[in-house]
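My request is simple: use the sequences and hints to build the entire structure.
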Amino acid sequence: MAECVRLDSSTSSHTMDKSITLPPDEIFRNLENAKRFAIDIGGSLTKLAYYSTVQHKVAKVRSFDHATKEAASDKLYEISVQEEVTARLHFIKFENAYIETCLDFIKDHLVNTDTKVIKATGGGAHKFKELIERKLGLKVDKEDEMTCLIKGCNFVLRNIPHEAFVYAKHADSEFRFQTTQPDIFPYLLVNIGSGVSIVKVESEDKFERIGGSSIGGGTFWGLGALLTKTKRFDELLQLASKGQHTSVDMLVKDIYGGSYGSLGLTGDLIASSFGKSATADKEFSKEDMAKSLLHMISNDIGQLACLYAKLHNLSRVYFGGFFIRGHPVTMHTITYSINFFTKARPQLSVFISFSLINGEVQALFLRHEGYLGAIGAFLKGAEEDNPNQYSWGENYAGSSGLMSVSPDMNPMQRARSGTFDMLEMDRLERQLVNLPLLQDPSSYIPDTMDLTEDALAREYWLYCFEEALDGVVKRAVASQPDMPEAAQRAEKFRQKYRHKLQTLRQQPFAYGSLTVRSLLDTREHCLNEFNFPDPYSKIKQKENDMALKYYQKAVKSLEELSWEQRQFALVRGVLAGNVFDWGAKAVSDVLESDPEFGFEEAKRQLEERPWLVDSYDQWFERLKGPPHKCALFFVDNSGVDIILGVMPFVRELLSRGTEVVLASNSGPALNDVTNGELQILTERIAAMDPVIHRLDKVLAMVVRERQTDLVIIEGMGRAIHTNYYAMLSCESLKMAVIKNSWLADRLGGKLFSVVFKYEVPAGKPSQHSAALSPL
Amino acid sequence: MAFNGHQHDDESIDEDETPTKQPRSNKEMPGCFRNEPNNEASASAGRATSDRRSSNATPRQRIDSVKKTRPPFPWFGMDIGGTLVKLVYFEPKDITAEEEQEEVENLKSIRRYLTSNTAYGKTGIRDVHLELQDLTLCGRTGNLHFIRFPTHDLPAFLQMGRNKHFSSLHTTLCATGGGAYKFESDFRTMADLQLHKLDELDCLIRGVLYIDSVVSGGPSECYYFENPTDPDRCIQKPYTLENPYPLLLVNIGSGVSILAVYSESNYKRVTGTSLGGGTFLGLCCLLTGCSTFEEALEMASQGESTRVDKLVRDIYGGDYESFGNMMSKEKRESVSKEDLARATLVTITNNIGSITRMCALNENIERVVFVGNFLRVNTLSMKLLAYAMDYWSKGQLKALFLQHEGYFGAVGALLELLHPS
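If you read the protein sequences in the order shown, they are chains A and B.
Under our numbering, the residues of the first sequence are numbered 1 to 775, in order.
Under our numbering, the residues of the second sequence are numbered 1001 to 1421, in order.
Take the hints with a grain of salt, since some may be wrong.
Stated by the list, open to error - Straight line, CA to CA, 30 Å or less: simulated DSS-like cross-link-like pairs of lysine-lysine:
(1) 1182(B) x 282(A)
(2) 286(A) x 1197(B)
(3) 242(A) x 1383(B)
(4) 242(A) x 1197(B)
(5) 1331(B) x 127(A)
(6) 1329(B) x 127(A)
(7) 75(A) x 603(A)
(8) 1122(B) x 1197(B)
(9) 169(A) x 242(A)
(10) 1331(B) x 242(A)
(11) 1197(B) x 1182(B)
(12) 116(A) x 127(A)
(13) 1329(B) x 142(A)
Hints in this document: simulated from the structure, not taken from any laboratory.
This is the structure in structure tokens:
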């Protein structure tokens, strides 16, 4: 029961507003190639799902064939923008009133499809079956609701980071997102539709309805309507949020005069719901009755959920259904109830043995809860394409985000499209997995700072990204000099990204935990949306070519140093190279005004030792020991950074007998070196440097095979914004220059402070000392 | 389970007693050794009895050990709940002539008032059918009376106690339930009475175990429903609650407490729910305009819940959604008060059943005893609970009920007076 069917005649005779026009740029996108439709029709909302392919531009680099001297230029590689077709899943949620208009719109725009069937689920699917078949000419194929719900739930839990959250009304951040667990099973899904269904999910295909209750959303709605003469569910919730339940409910203190001390039941606890209304001669306000009803139902559901969780020894309990859907009021009351029924209060330890072996039950909610049925129905219909074998990522540009259509949460003026909530997911090139070298993958949180919770940091970073927007737009236009409409597209990008930033200012929780990383991802998604696959490609190319010229000179001067001096110079080289970064505000100012900002000058800018974080001495001691077997190096920027900073460092490791795996981004992000560029660069360097030829060029999960015992992470984005606290199971080296005065301030340093963090996991003596011990 | 109608002999609670017919014939008073005058009541002087005491100060020769520890009459146990006050009163029937002569007037007056009426004031009721006769308590033989009145009439009760100079008897008034705490100062200021407050769950368990052990002859205290899933063959059957542990005790008063009982002194409160008898009555009052439990139950017995609840014929078991049909305007308009009352009763009862079943599973207990005044004259709920326990557990779980439904806390309080634990 994803949603109940509303039987009110006023709403069931769906007054279809034919006059509304749908904004085609914003909703039902990419219908031209759409296939595999699915629809989930609930009591008030319809959710449509389809699969389509999206053609968009990608930046490719290709080595010039230097042997034929065909290219007269001294450029190492050429950049080309190519069309690439990727898969995208579209999910659109709209009010049932729009269903006919939407079906007409889809019919008009559906051209290339050979689709014959539309999968349908939800209580309303039956009601609209005929309309859908007539309008779309597709056969409606009904799928079981619960199966769809579970399939959808598994899909979002597996694919969308920060899908689940706990709700804390009075905390700094109401939404506390959970990091994606490698293993999502087992869990309990409590679906609160008209009634309540409690389902235990053990694996992708194994689930069982273990219980339920007749007291659910329908009880709130039906009883609420009788008591308050208020018909609409939302209005009932509004009434409830204004009411005082204490005038209707009999509390413990109404019976005891205070608390029931020996049981630890506090005076404010409800002893009997509606216990005070057992009188004919008193009037109660609608608000108070609605509130009492809400408490009664939420507490009851929470209690049952806890009892089932305990019986089946499950600690993850997800709540969904129209009773919960996007309503902070019900999320709060359910959370309160769960907390009450699971917290073993100390004085009650004798009486209440509720705490579970695996920890306490938590009430979890899902960002895309409303889409589960539609996603599940879609997956049922797409089984032959086997979407589950791929990884899918939420497209921040095309998705509306949490609470986008909740009127009380979003004070911003909304356009017509505000009635339409969207989720778009892109097929990822490869499945994302945790680095096997993490000490504890389940507790790994990449992001150092959660901007959802840290209001000051959030303000700063949102400001930063907004400030940088003009520069990015300029860069984007410049990256496509041959395309006259680039300026127009860039303007659209500016609007879209600015709107996203504004949304995030109001609803930082819209896409899960807000982080510097997610802000960057959102920008990349928006750039891609408007076909700016790599605005920095030209700059990167120029910088790479320039830096390559100095490579041999740099290596030569390093070789002239003593071993000791060289080790330090190599580290300083990586750090100085990392100063070259268009992503950092302070630096991009300098780079823009003075492209000749030299490597040597960068070195002079660096903080003198002792650095802000300084474990160079330990690192140096380690280097005196035996070589590492294999080092995994996460590299950052193109140009000076990778070529003059990282490569000489890598070269030294190779000379020591350490294998090196270089890890870079697969797609473009600012001036970060991409995998494509890195391959060409390393080939080029290998051609002029015999030491480098042993370099492993492929970013692959060869980490375990090669017995990687050293992970090097370079740059602010990788080593400070993320991974700063990441604990690895092998030695790790995190190197970064703080190129942002605000962050420097936060970390107690100053601009160009150095973070050099060498760590050996606890309980694992470095090989150096281990090697010494037999002597 | 017959419900004796009560006679409205008294219009005001403090009116002088009007003799009424005794429910059952009294047996001959056993003229044995228990014939000491009942002068313990005046052992500590009160203003009204000081003269009498001095004139009757001759100590008895035989003072047995029972008497030493035996508290003075009157013997009351009280349970002041959120909705109802439950009062049990032990009426000694073995009073000798001599005793009677020595008995203080106030005590006599209280005894006569309580035992010769079945209704007190507008709202006080003695459940005559529950009266336990020829009971031996603390060496005395007599009848145990079960009386109830709404908690909101407690002031009138206190006023009566004051008018009848109850405080002059200097008895200990053992009381349990939340009201023992809430109204403690009212008892002191309004009636000059000092309450001995007792834990309600302790009293409840003590009361259940005691009543079950003393009731013999007549209808069995404990009973169950045979064939609970077949309405045509569902009949009430006596049950012997021997070897009762472990036991799940579900007390349905205004709210609900669920206890797992392993022995008289070893129990835990597993959980509770606020959806109880108070919720049924409260919602019924709001939905139908009724004002008493009896009215609400009467309506419920005539209604049909399926017109209110929404049946979901999904493949997961055809459960229904309480009040689900009331989302629809037409259906709201066509529904009767009786249907609403029925739906409320069914919803509350099934919810209690569901939570109870989960607790029984979690605690691994197979016997459930339901008590509390929600079940009074409420065969509908009892059968629903019996059905739910049986159906959901595939016959594993047995729902048991007790004749004295809501009085166990008060009985426990009385026992505490007689045998302090």
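To see whether the hints hold, each was checked on the structure:
1. 1182(B) x 282(A): Holds - the C-alpha atoms of residue 282(A) and residue 1182(B) are around 23 Å apart, at most 30 Å.
2. 286(A) x 1197(B): 38 Å, violated
3. 242(A) x 1383(B): The given pair, whose Cα atoms are some 39 Å apart, is violated under the 30 Å limit.
4. 242(A) x 1197(B): Given that 30 Å is the threshold and the Cα spacing comes to 38 Å, the pair is violated.
5. 1331(B) x 127(A): Holds, at roughly 19 Å.
6. 1329(B) x 127(A): Given that 30 Å is the threshold and the Cα spacing comes to 19 Å, the pair holds.
7. 75(A) x 603(A): With Cα atoms ~27 Å apart, residue 75(A) and residue 603(A) stay inside 30 Å; holds.
8. 1122(B) x 1197(B): 27 Å, holds
9. 169(A) x 242(A): Satisfied, since the Cα-Cα distance of roughly 15 Å is no more than 30 Å.
10. 1331(B) x 242(A): 28 Å, holds
11. 1197(B) x 1182(B): 11 Å, holds
12. 116(A) x 127(A): 20 Å, holds
13. 1329(B) x 142(A): Holds: residue 1329(B) and residue 142(A) sit about 29 Å apart, inside 30 Å.
When each numbered hint is compared with the structure, violations occur for hints 2, 3 and 4.
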